[in-house]
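Colleague: Build out the structure end to end from the sequences listed, making use of the hints.
Chain order of the listed sequences is A and B.
Under my numbering, the first residue of the first sequence carries the number 1, and numbering increases by one thereafter.
Under my numbering, the first residue of the second sequence carries the number 425, and numbering increases by one thereafter.
Since the hints were derived computationally from the structure, they do not count as laboratory data.
Don't be surprised by glycine CBs; every beta carbon is placed ideally from N, CA and C.
Any given hint could be a false lead.
Here are the computed lysine to aspartate or glutamate pairs in the DMTMM-like style, where the Cα-Cα straight-line distance is at most 20 Å [claimed, not checked]:
1. 561(B) x 214(A)
2. 3(A) x 576(B)
3. 561(B) x 507(B)
4. 646(B) x 619(B)
5. 514(B) x 214(A)
Partial selection, computed: residues in chain A whose CB lies under 10 Å from chain B [to be verified]:
6. 6
7. 215
8. 222
9. 223
10. 226
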Amino acid sequence: MRKIWVVIRREFVEKVRNKWFIISTVLGPLLMAGFVVLPIVMAEQGPSQRKIVVIDVGAGEFASRLLELLGGALPLDATLVQVDASQLQTMTDSLNVVVGAKSLDGYLIVSDAAVDDGRVEYRGSNASSPADMRMLEQVIRQVVLVERLSRVGVDPSVVSRAQIPLRMQTVNIRGGRLTDESGQSAFLLAYAVWLLLYIAILLYGVQVMGSVVEEKTSRVIEVLVSSLRPFQLLAGKVVGVGAVGLFQLGIWGVSAWLLARQRGRVLQVLGVDASGAEGFRLPDVSLETLVIVLVYFLLGYFLYAAMFAAVAAMSNSEAEARQAQTPVVMLLIVPTMLMLGILQQPDGTMAVTLSLIPFCSPIAMPVRWAAATVPGAELAASIAILALTLLVVVWIAARIYRVGILMHGKRPTPQELLRWVRVG
Amino acid sequence: MRNDLVIDIQGITKRFAGHTAVRQLSLAVPRGAVYGLLGPNGAGKTTTIRMIMNILIPDEGVISLFGSRATRGLSHRVGYLPEERGLYRKMRVLDLVVFLAETKGVPRRDAKRQAQAWLDRLGLADWAQKRVNDLSKGMQQKVQFISTILHEPELLILDEPFSGFDPVNTQIMKDVVVELARRGATVLFSTHIMEQAEKLCDSVCIIAQGRKVLDGRLAEVKRQHGGRHVILALDYGGGSVPSILSDRSLVAKADDYGQYAEVELAPSADPQRLLEELVRSSARVSRFEIAEPTLNKIFIDLVGREAATAKAQEDGGDA
Numbered sequence: 001m002r003k004i005w006v007v008i009r010r011e012f013v014e015k016v017r018n019k020w021f022i023i024s025t026v027l028g029p030l031l032m033a034g035f036v037v038l039p040i041v042m043a044e045q046g047p048s049q050r051k052i053v054v055i056d057v058g059a060g061e062f063a064s065r066l067l068e069l070l071g072g073a074l075p076l077d078a079t080l081v082q083v084d085a086s087q088l089q090t091m092t093d094s095l096n097v098v099v100g101a102k103s104l105d106g107y108l109i110v111s112d113a114a115v116d117d118g119r120v121e122y123r124g125s126n127a128s129s130p131a132d133m134r135m136l137e138q139v140i141r142q143v144v145l146v147e148r149l150s151r152v153g154v155d156p157s158v159v160s161r162a163q164i165p166l167r168m169q170t171v172n173i174r175g176g177r178l179t180d181e182s183g184q185s186a187f188l189l190a191y192a193v194w195l196l197l198y199i200a201i202l203l204y205g206v207q208v209m210g211s212v213v214e215e216k217t218s219r220v221i222e223v224l225v226s227s228l229r230p231f232q233l234l235a236g237k238v239v240g241v242g243a244v245g246l247f248q249l250g251i252w253g254v255s256a257w258l259l260a261r262q263r264g265r266v267l268q269v270l271g272v273d274a275s276g277a278e279g280f281r282l283p284d285v286s287l288e289t290l291v292i293v294l295v296y297f298l299l300g301y302f303l304y305a306a307m308f309a310a311v312a313a314m315s316n317s318e319a320e321a322r323q324a325q326t327p328v329v330m331l332l333i334v335p336t337m338l339m340l341g342i343l344q345q346p347d348g349t350m351a352v353t354l355s356l357i358p359f360c361s362p363i364a365m366p367v368r369w370a371a372a373t374v375p376g377a378e379l380a381a382s383i384a385i386l387a388l389t390l391l392v393v394v395w396i397a398a399r400i401y402r403v404g405i406l407m408h409g410k411r412p413t414p415q416e417l418l419r420w421v422r423v424g
Numbered sequence: 425m426r427n428d429l430v431i432d433i434q435g436i437t438k439r440f441a442g443h444t445a446v447r448q449l450s451l452a453v454p455r456g457a458v459y460g461l462l463g464p465n466g467a468g469k470t471t472t473i474r475m476i477m478n479i480l481i482p483d484e485g486v487i488s489l490f491g492s493r494a495t496r497g498l499s500h501r502v503g504y505l506p507e508e509r510g511l512y513r514k515m516r517v518l519d520l521v522v523f524l525a526e527t528k529g530v531p532r533r534d535a536k537r538q539a540q541a542w543l544d545r546l547g548l549a550d551w552a553q554k555r556v557n558d559l560s561k562g563m564q565q566k567v568q569f570i571s572t573i574l575h576e577p578e579l580l581i582l583d584e585p586f587s588g589f590d591p592v593n594t595q596i597m598k599d600v601v602v603e604l605a606r607r608g609a610t611v612l613f614s615t616h617i618m619e620q621a622e623k624l625c626d627s628v629c630i631i632a633q634g635r636k637v638l639d640g641r642l643a644e645v646k647r648q649h650g651g652r653h654v655i656l657a658l659d660y661g662g663g664s665v666p667s668i669l670s671d672r673s674l675v676a677k678a679d680d681y682g683q684y685a686e687v688e689l690a691p692s693a694d695p696q697r698l699l700e701e702l703v704r705s706s707a708r709v710s711r712f713e714i715a716e717p718t719l720n721k722i723f724i725d726l727v728g729r730e731a732a733t734a735k736a737q738e739d740g741g742d743a
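Modeller: Spelled out as structure tokens, the structure:
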């Protein structure tokens with residue numbers, strides 16, 4: 001036990017002293033601050049002013065109504081041009097040049113027929129911007145709707161009353177109690193949990209791999225195994241790197257918490273008007289969520305670190321290890337690729353299945369937990385399966401590690417690996 | 425007597441895919457011995473040492489250290505310098521030495537004090553806070569050597585300890601090894617450089633192709649394999665000296681320089697008879713010395729022959 005402790009301390013001290021650790025630890029909160037401040041700064045500036053021309057083919061009622069609405073509160077500067085159908089080609093040719101010269105963003109071609117067949121055309125340099133197009137489309141749809149209704153004799157005041165938009169507020173219920181978080185913030189939290197776990201498990205797992213490969217390539221392993229049991233070495237290494245992970249995540253967590261609490265002040269320091277921050281609420285993280293994330297991080301990290309260590313023990317160089325790690329990384333990518341499915345249906349069959357499969361559950365279950373309510377039985381089953389798998393994987397990995405760290409030369413074939421596990 | 429064996433190896437065999445590295449090897453290293461494990465490259469020295477260190481497990485046979493089955497529980501009593509040297513390249517020298525001592529169970533505070541003392545002694549005091557990477561190869565070897573002996577092991581196992589050292593450092597290492605041996609440590613080291621073994625060892629074991637060719641106390645070995653060489657300095661005096669030296673019942677091989685000759689006696693020939701013959705031939709003998717063979721000569725005689733017979737056996741097997 002004392003020897004494991006010695007290995008843990010070396011691993012921890014050396015990793016924490018490393019300049020990359022220091023750089024990434026400092027950079028983390030800076031990035032987070034950026035995430036907090038940037039959206040607000042962006043929201044404040046608002047979308048930029050667009051300049052367009054509305055070409056009215058055949059001079060009609062529709063175009064002038066459209067122009068009325070476009071001239072409203074929208075960040076749009078629209079000019080009406082009326083042409084005959086025969087002149088349209090010449091007109092668009094010359095406007096193309098103007099758009100090319102960037103003094104115009106684009107032009108909209110409409111005619112009265114649009115009310116019947118719903119056809120309008122926009123050409124412009126911002127045609128690929130979803131936000132701009134959505135705004136334009138909304139305005140046109142409104143005008144078309146009003147026109148259609150008023151043609152069949154509906155009172156315009158009735159039409160405008162019918163158009164009062166609907167706003168549904170979503171509030172999460174957890175454990176039978178109403179929370180004060182919106183559905184959107186639960187989604188945001190689940191998303192953050194996924195990102196955090198995926199990055200953390202991969203990042204620290206790969207560090208274990210690097211550490212094993214380093215000992216192997218530098219041949220220091222020969223001295224180590226003469227005084228330490230391979231299992232002591234492996235356990236110390238995995239726990240040591242895990243401690244580095246918790247330490248770094250802790251620093252990031254605390255600084256994120258401080259940033260969130262002191263958001264107003266941070267914004268003030270940066271000279272940003274804090275009033276814009278009101279609409280953007282950060283999700284609250286309950287203690288249970290924190291515990292669940294922590295438990296799954298640890299279980300998941302140990303599971304993957306053991307596999308990464310085994311991969312490293314089979315390899316002769318950093319480059320070889322990076323190649324051989326692909327199957328392990330794939331296991332971690334599976335739940336990541338299906339993440340959207342989990343987020344959309346946290347209680348769906350796929351989400352439930354993934355949160356029980358041991359190699360996916362370290363990510364899938366906390367995400368489900370953050371997004372919705374998970375029955376206690378499912379949680380217990382997931383943790384039990386994961387813990388059991390962890391034991392089996394560690395047992396196998398330790399055996400591969402034990403033989404592999406002293407092997408140099410050819411990479412083992414699957415049959416040889418099997419023998420290592422059986423003999424080890 | 426058997427209880428006082430620090431290393432007791434009985435009939436170990438180790439096979440790797442395709443070949444047998446060590447065959448039925450038995451060794452006994454008594455307490456306080458400086459024991460040389462000699463053999464040409466690929467003889468199985470490193471494999472044997474790795475099995476003693478419990479890094480490899482023998483397929484057959486038993487290894488005991490200090491009278492009990494070799495386990496890592498004994499590792500704090502053993503200092504091991506592997507053939508393939510290696511250190512954590514990014515660690516600071518002092519931290520590294522302390523860490524390696526701690527894995528042997530030395531308390532941290534003692535380890536620090538000892539490490540500092542050894543670094544001072546071997547002239548590395550100024551490098552204690554530098555990274556291993558910044559050290560020259562010779563200095564790295566010294567650091568590794570320090571971590572081998574820091575925990576004051578009763579048994580030192582050194583695999584090719586002097587390879588890669590310059591003469592000055594070789595001298596320093598040798599002095600330390602001799603000093604530790606005087607203080608009672610048992611030393612087992614492997615080498616293929618016979619001159620070193622001859623000067624340092626009190627016992628040797630020569631292995632070739634995984635088999636033991638010979639072992640015993642160095643003086644004993646020399647006596648057994650000596651006495652067959654005679655160095656002559658004489659004035660021929662027109663006598664029949666050349667015919668005496670070509671008498672195959674007496675002389676197996678003679679290296680005749682005219683005034684000086686190195687003679688290898690024929691098997692079972694008595695050196696006394698050679699002297700008689702020479703005196704009778706009226707040559708004037710100014711020197712007649714029965715020479716002790718060098719370890720190098722014994723080694724080449726034994727291992728050269730061994731290798732040759734093994735080769736012949738293989739050829740015979742193919743035919």
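Colleague: State for each hint whether it applies.
Modeller: Hints, verified against the model:
no. : hint            : verdict
1   : 561(B) x 214(A) : holds (18 Å)
2   : 3(A) x 576(B)   : holds (18 Å)
3   : 561(B) x 507(B) : holds (14 Å)
4   : 646(B) x 619(B) : holds (14 Å)
5   : 514(B) x 214(A) : holds (10 Å)
6   : 6               : holds (4 Å)
7   : 215             : holds (8 Å)
8   : 222             : holds (4 Å)
9   : 223             : holds (6 Å)
10  : 226             : holds (5 Å)
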